[in-house]
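Please construct the entire structure, taking both the sequences and the accompanying hints into account.
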Amino acid sequence: MISVHLILFLAFGAIAVAGAINLLAQTHPINSALSLIAVMAALAGEYLLLGAEFVAAVQVIVYAGAIMVLFVFVIMLLNAGVEERTQGSRVAFLFGIPGMLLGSLLVAWVVLRHSGTEAVAAGALPGAPKTIGPLLFHEFLLPFEITSILILVAIMGAVVLAGKPPTTAAGPAQKVKD
Amino acid sequence: MVPLSYYLVLSGILFACGVTGFLIKRNIITIFMSIELMLNGVNLSFVAFAAHWQVLAGQVFVFFVMVVAAAEAAVGLAIIIAVYRTRETLNVDQVNLLKL
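Quick mapping for you: the protein sequence lines, in order, are chains X and V.
All residue numbers for the first sequence refer to the working numbering, where the first residue is 1 and numbers rise by one.
All residue numbers for the second sequence refer to the working numbering, where the first residue is 1 and numbers rise by one.
FYI, nobody ran anything at the bench for these hints, they're computed from the structure.
Where hints are given, some of them may not hold.
Unchecked claim - The list that follows gives simulated cross-link-like pairs (lysine to any residue, SDA-like), each with its CA atoms no further than 20 angstroms apart:
hint, chain 1, residue 1, chain 2, residue 2
1, X, K164, V, Y84
2, X, K130, V, L56
3, V, K99, V, I79
4, X, K164, X, V153
Source: prediction; values computed, not measured.
Below, the structure is given as structure tokens:
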């Protein structure tokens with residue numbers, strides 16, 4: 001019997017896989033970025049099916065929102081054009097693609113065959129903010145604080161790397177003058 | 001009811017697409033997006049395992065992955081801007097020298 005849960009899973013999964021393949025097929029980075037947003041939105045739907053409602057909301061807000069806006073911003077800032085395709089090695093095509101297909105079929109067969117028949121019910125583990133919060137701020141307090149330091153370091157690193165290059169005469173010669 | 005293995009296979013497909021994009025793409029921004037795709041595939045298996053074994057810690061780990069992805073995106077895109085400033089190209093085939 002095909003349940004609504006399975007139909008929704010297959011629909012969101014199809015959108016995610018189609019978006020991932022479209023990311024590979026497109027040559028313009030902005031099209032790839034839009035397909036990645038589609039993948040992330042479909043994954044948010046999968047998280048909702050698993051009951052992880054807070055993760056789904058954060059996925060849409062942080063991933064599809066903040067991070068992808070950063071990507072699109074950089075694409076537009078650098079005026080990135082159509083990608084120039086280069087010729088890959090022929091050995092990679094001859095052995096890589098069949099090898100990859102064989103390996104993934106093997107892994108899929110093992111996973112589908114030997115992982116038992118236990119099913120994950122829709123909303124099996126409700127991950128509401130009320131239950132996530134205590135876990136995040138009590139048991140995982142130290143990792144949480146460490147990630148905040150990581151974010152701080154990342155912000156400073158981004159400012160240093162992307163900031164204005166020094167235009168002093170003593171510094172190394174810059175190719176692009178401001 | 002959807003078996004856990006379906007979620008794992010979907011996660012594996014997304015991860016494999018990310019690896020493929022990382023290897024075949026030549027635009028440095030698209031390569032970066034492939035890394036994000038890999039992280040998303042891993043996140044899906046985290047949430048699926050959390051629901052399967054009824055352990056909420058799996059969902060908490062997804063947040064840590066997202067935080068690391070955000071930090072990585074900020075630093076990585078800053079590096080891309082710095083590379084573009086000195087090389088005036090986004091093609092990784094032309095960024096093959098440490099020296100200018």
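Evaluation of the provided hints:
{"no.": "1", "hint": "K164(X) <-> Y84(V)", "in the structure": "holds, 13 angstroms"}
{"no.": "2", "hint": "K130(X) <-> L56(V)", "in the structure": "holds, 12 angstroms"}
{"no.": "3", "hint": "K99(V) <-> I79(V)", "in the structure": "holds, 16 angstroms"}
{"no.": "4", "hint": "K164(X) <-> V153(X)", "in the structure": "holds, 18 angstroms"}
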